[in-house]
Every structure is written in structure tokens, then in C-alpha cells.
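Q: With the hints as your guide, set chain B onto chain A.
From first to last, the protein sequence lines stand for chains A and B. Going left to right, the first sequence walks through residues 1 to 493 as this note's numbering numbers them. Going left to right, the second sequence walks through residues 1001 to 1196 as this note's numbering numbers them.
Calculated from the structure, these hints are not laboratory results. Where is the CB? At the ideal position from N, CA and C, for every residue including glycine. Among these hints, one or two may not hold up.
[What the hints assert, rightly or not] Label pairs and their in silico Cβ distance ranges: (1) B:Phe1094 to A:Pro153: 39 to 47 Å; (2) A:Thr229 to B:Val1098: 28 to 36 Å; (3) B:Phe1118 to A:Val298: 18 to 26 Å.
One-letter residues, chain by chain:
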Amino acid sequence: MADTLVHADSHAHGHHEVDPGPLRYTMGGATRMTLLGGIVLGVICLVLSFFMDETAHHTRFWSNWLHNSVFFLGISFMSLFLVAAKVLFYSGWHTVFKRVFEAYAQFLPVAIILMAVIVVGVFTGATHIYHWSDAAALETDDILRAKSAFLNPIWYLAGAIVLPAIWHFVFGIKLRKLSIQEDEQGTADFDQHKSMRKTAGMFVPIAAFSSAFVVWLLIMSVDAHWYSTLFAWYATASWLVSAIGLTIILLVFLKALGYFGQVTVEHLHDLGKYLFAFSIFWSYLWFSQFMLIWYGNVGEETVYFQTRMDHYPVGFWANLAINFVAPFIILMANTTKRKLGVLTFVAMLVVFGHWLDFFQMLKPGIFETAMHAEHDAAGHGDEHAGDLHMDDAGHAVAGASHDAAGHGDDHAGEDHSTGHHDPNESVHAVHGKSGEHGAKSYAGFYFPGLIEVGTFLGFLSLFFLISLGALSRANLVPVNDPYLEESLHHHVV
Amino acid sequence: MVNTSDSTYVETSEDVHVDSVHAGGTPIVYGLYDDEVELIEAVRKAKADHLDIYDVYTPFPVHGLDPVMGIAESRLHIGGFVYGALGTLTAFGFMSWVFTRDWPIIFGGKPYFSVPAFIPITFELTVLFSAIGMVLSFYLICGLGPGAAEINIDDRISDDKFCLAFATKGIGQADRDQFADFFRSTGASETSAKVI
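Okay, chain A solo, but in the shape it has when bound (with noise of 0.2 Å):
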């Protein structure tokens, strides 16, 4: 079998012959080192952001941990969706390097522990970044009252844990367990294969519904009033573009280092595509989400958006700026995805691009609740309490919407039926305090700092230590894959 790697290659390219490389990777000290210093600075920076905090209840820590174990998590189920949906769909030409993804995926446990640590804020009331979870606005809010039989820790608890533990458990062990014994044992009856098909073929539709419970509870649910139906496809169309993003990006570093000579331009080419094709997939959900409400122009639902344009706007066009027409105008000509630095570079810049996308989604949502709870807290008399609400008649909207505590009860829900009062209202009342008054800054909250930068470092640190060990510890190769050879052959052009 090695024959054939070495031989496949030099057929490809008609005249000379290419190294495949070896066929395991071994960590090298100098990228074990780097990984290490990421996550030792990720810690670091997660400290910081524990004590460096200007809102009451270290919601820069819980946003930051929670923006981070989201995105990764995102990113290791849907290498598993790649797994599964290739092995359903017939595809050959991605499975030289399929143990990329099987590797990616391979980070879920550690995801799904990274997301207990949110679970248990939940529970505890550690945390504030959920507004139907923060007690003393359920009672007073009809929204999320209404809302509760579904927006409720119990149901957290199976978006964060249960779903991604099923994909994992059930699904991901024995997807990877199959693919590393048909290495082994494969024989030409593909049985391996066979079985890989049926368990990716349960997979695929359970994977398709669940990750839309995953992201409204995880994602959309900081925004509890608001809702979008699109929303859990933008939302994992984000992720999907940064696996592809992360992928390319490990295999020409893999390449670098000698590794996938099998892994030729052809190969990086598609993955070029994927990237270009998903990138305006992603921009055609993230437009018909804003076109919809733009036109619908009905308040509950516009409010989403003006908060994000009028008190995030750098995120808000960055986002589009980075996600959609850099890699649209950089990857439409063939040439610039044969050429693996441009490659490379838009991947990299995607990647950071959709971790953006993640903190304009969760962030202005957290930031409201987290300035609520900070309100109920201090209490209405305080002078603190006056730091956030304008005036009075600024304080009457906030309360009527949100808590209305000390206002009377009847009063929040004859708002809300009435109509007289825009909710878009309150969200000037909480965020334009914050800016107009100048008493804080709430640094990492507008605009990711350096902390948020240095925590996303840690995380991708730890995310590539746990794959490059999975990737480790099977060939680097699937020397049985009865699409292998496909594979080997692949040309584009």
C-alpha cells in the first residue's frame, strides 16, 4: 500500500515523484511547546478577565468562556458532519486527508466539558449571560415566562451536554473506531465502510435537527425576546466555514513539515471552493436573516440588528467586510486557490472572521442582561441604579420591558400588548448609558481587546493539541478506505 501513495502521486503529476511523507504524525517539541504557551496565555487572559472586569458578576469571563467553548464545539461537530456526510454522499476525493476531520471531531468531549463549566453557572446562578435564566426577570417578564417550558436550565443542560454527547458517544466513537479498524483489518469487502455508512446515515438527519436545538439554546437564547427561524442554519454555516478555514490551514502546516505529500494542490483546490461556495452560503443566510426583518420592520424583531448597527458597528460591518467580500473577491479566480499562501491567508482571516461572527451574536446579549442583572441587584434607589437608566422617563421603558420590579406587575404585560412602548427603546436606555456617561468602558464587551484575542488563542491552542494527538495516534492516511485511490487520483483542472 505504501507503493501505491508513492506511485499515485507521481502519476498525478506526470514526471517527478513526491515524498508522501510518513505515514503517522508525531507532535514535535517545538508545536507542543507553542500549543502549551497558547494555553498558558489563554489561562492567563481568563484570569484577567475574572478580575478585570467592570460589570458585577465577572460576565467578561462568563462571555468569554462561552463564546470560545461555542465556537469549538461548533467546529468539532460539524468535522463530524464532514465525516459522516462524505462517507454517506459517495465522496472520494477529500479521503487522503479525511483524518483531519475524523481529528477535529475528536475535540467534542473536551468541548462538551467546556461547556459544563457554563452548565453549572446556569444552575448556580454563577452566571449572568442568560436572560431567562436570571430569576428576578422571569417574574416579572410575560415573554420569558411564556418561554420558559423550553428556555430553562434542564433544557441547557441537553443543548450543551446531552445533544453533543449523543453526537459524540453514540455517533463519533464509532464512526472513528470503524475508520481506524478498517486500516487494520480492512479487507476488499469494505465491511468497515459498509457499517461506517449506515451509522453516518443515522447520523446526518439526527445531526441536521439536534444542532438547530444546540444553537438556540447555547447561541440564540442571549437574545431571549428575540428570535429568527434562520437562524440555526447561519449560525452553523459559520461553523462550517471555520472548520474548512482550520483545515486548510493544518494541512499546509502539515505539509510544511513533510507530512500529506499525497495531499497535492488538487485536493487543496476543492477545499479552496468549499471555502469560497460556504463563505457566500453563510452571507446568503446572514442577509436573508437581516433582509426579512429590515423589510418586516416590526420592532421585537428589528431590535436585534439596531442594536448590533448602532452600538457595534465595527463588528457588524467588519464581520461582512471579513466573511463575505474578502474571500468572495480574493477566492473567485482559480489561480488565488492553487496558490497556498493566499489560501491560507483568507483562511486564517475567515477563521478569526467567524469568531467574530460568534461575539457580534452573543455579546450585545449578554452585555443587556448582564447590565440588568447589575441593576436589580444594586436596586432602584441606589445611585448605581441611576447610572443606567437616563432619566425617568428612559427608566419607565427599561422597567416596563424588562424588570419591571417596583412598577407593578400589571404594568409590563399591558406594555406589551399594547404596543406603546418600542422595546428598542430600553436597549438605548442600556447601552447608550454606558457611552454617554463615560463612567465605564466595558472593555471586551463592544469590541473584542486584547483579552478576548489572547482567550481565543488559548482555546484554538487547546483545540489543536487535543486533535494533533488524535491525529496521532492513527495513520495519517486511511491506507483501506475504498476511495483512497479516488483520492490519490484527484485532479481539478
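A: Quick look at chain B alone, frame taken from chain A:
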């Protein structure tokens, strides 16, 4: 696998075909191959021998054939980009003009110049212009379209045969022999001559 014996090797006189096909065409000799790998090797050898290939006909796009033939990358996609950009400008420009200058109407309280509302149609026209423009360009470049003369060397090149053709206009017997040797040595299952 390939029978190169003289019994199946058909040398046809050029003159016979001049009568049967319209005069003034290009006389060619061609070989039919059973397999695209053989074809690519034959093309590679023809290039090495400095033989001037007239054209290659295959039932499906053969990967790796273009670089071996030395065909430059098609510029059709550049045309596609230009047509698409034209579609973008047409749609966006037209809607902007209509809704701000020519016939301003307020839709749902939105401003006259409502960019998000223009984007779907801009997208559609970009795709439409790009697609139609590329099809027309392709037809024009390849001389295809309604009423175009049909060049069909052999029915089987749209089924399971791979054809390599050389032009034979004004060549001598020595060159003709060279082509015959070439087809024999590269494993063509049949050869023939024609005027197309």
C-alpha cells in the same frame, strides 16, 4: 488489448472522402483509442515527436488532457466575470434610477434608495447576465449554434472512443507513413482518414 495488426488497420484513400464530404474541408488522419490513459500517452508522444495535432475528441472531459496538449487556460471565465459585473451594474443602476429619479414610490415606509431591497434582483441579474453571456460567447468561439455545420468524425467518439486527429493538407507520403507508424506504436485500435 489493442489489435494493431494490418487487418484492422484501415488506410483509406483521401480522394474517396473528398467526394463524399463537402469539398474545401480539412483533410485529416485520425486514430481511435479505447482508453483515455492511452490517449494522453499518445498526445504526449505526439508533442514529443513535434507532430502538429489537429484536435482531440473525447466522449467526456478528460482530466489532465489540456496541459498535455499545451492548451492555455480558457478565458471564458474572465468573460463570465465581466458579464456578471455588467449585470450587477445594470440591475443596481436601473433600480436606483427608477426608484430615486424616474418613479419614486414609498414601499412599506422604506426610503427611496433602499439598498437591501435591491440586492436580490441585483443578484439575479448578475447570474443571468453571466450565464447567458458565457453561453453566447462559448457558442461564438466554438462556432456552435443553430445551423452550424456538424463535425462528426465518428459516432463512437460520443460513446466510448477517444480520437486523436492530424491535419494532412499538403503533406507527402513520408509524413503519411509517419502518422501510420505513430498510431500503430501508440496503440490506436483503428485509424482512418477523412475530410472535415
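Q: Evaluate each hint against the coordinates.
A: Hint check:
Here the CB-CB span from Phe1094 of chain B to Pro153 of chain A is close to 54 Å, at odds with the stated 39 to 47 Å. Between Thr229 of chain A and Val1098 of chain B the CB atoms are about 32 Å apart, so this pair conforms to the stated range of 28 to 36 Å. The hinted range of 18 to 26 Å is satisfied by Phe1118 of chain B and Val298 of chain A, whose Cβ atoms lie roughly 22 Å apart.
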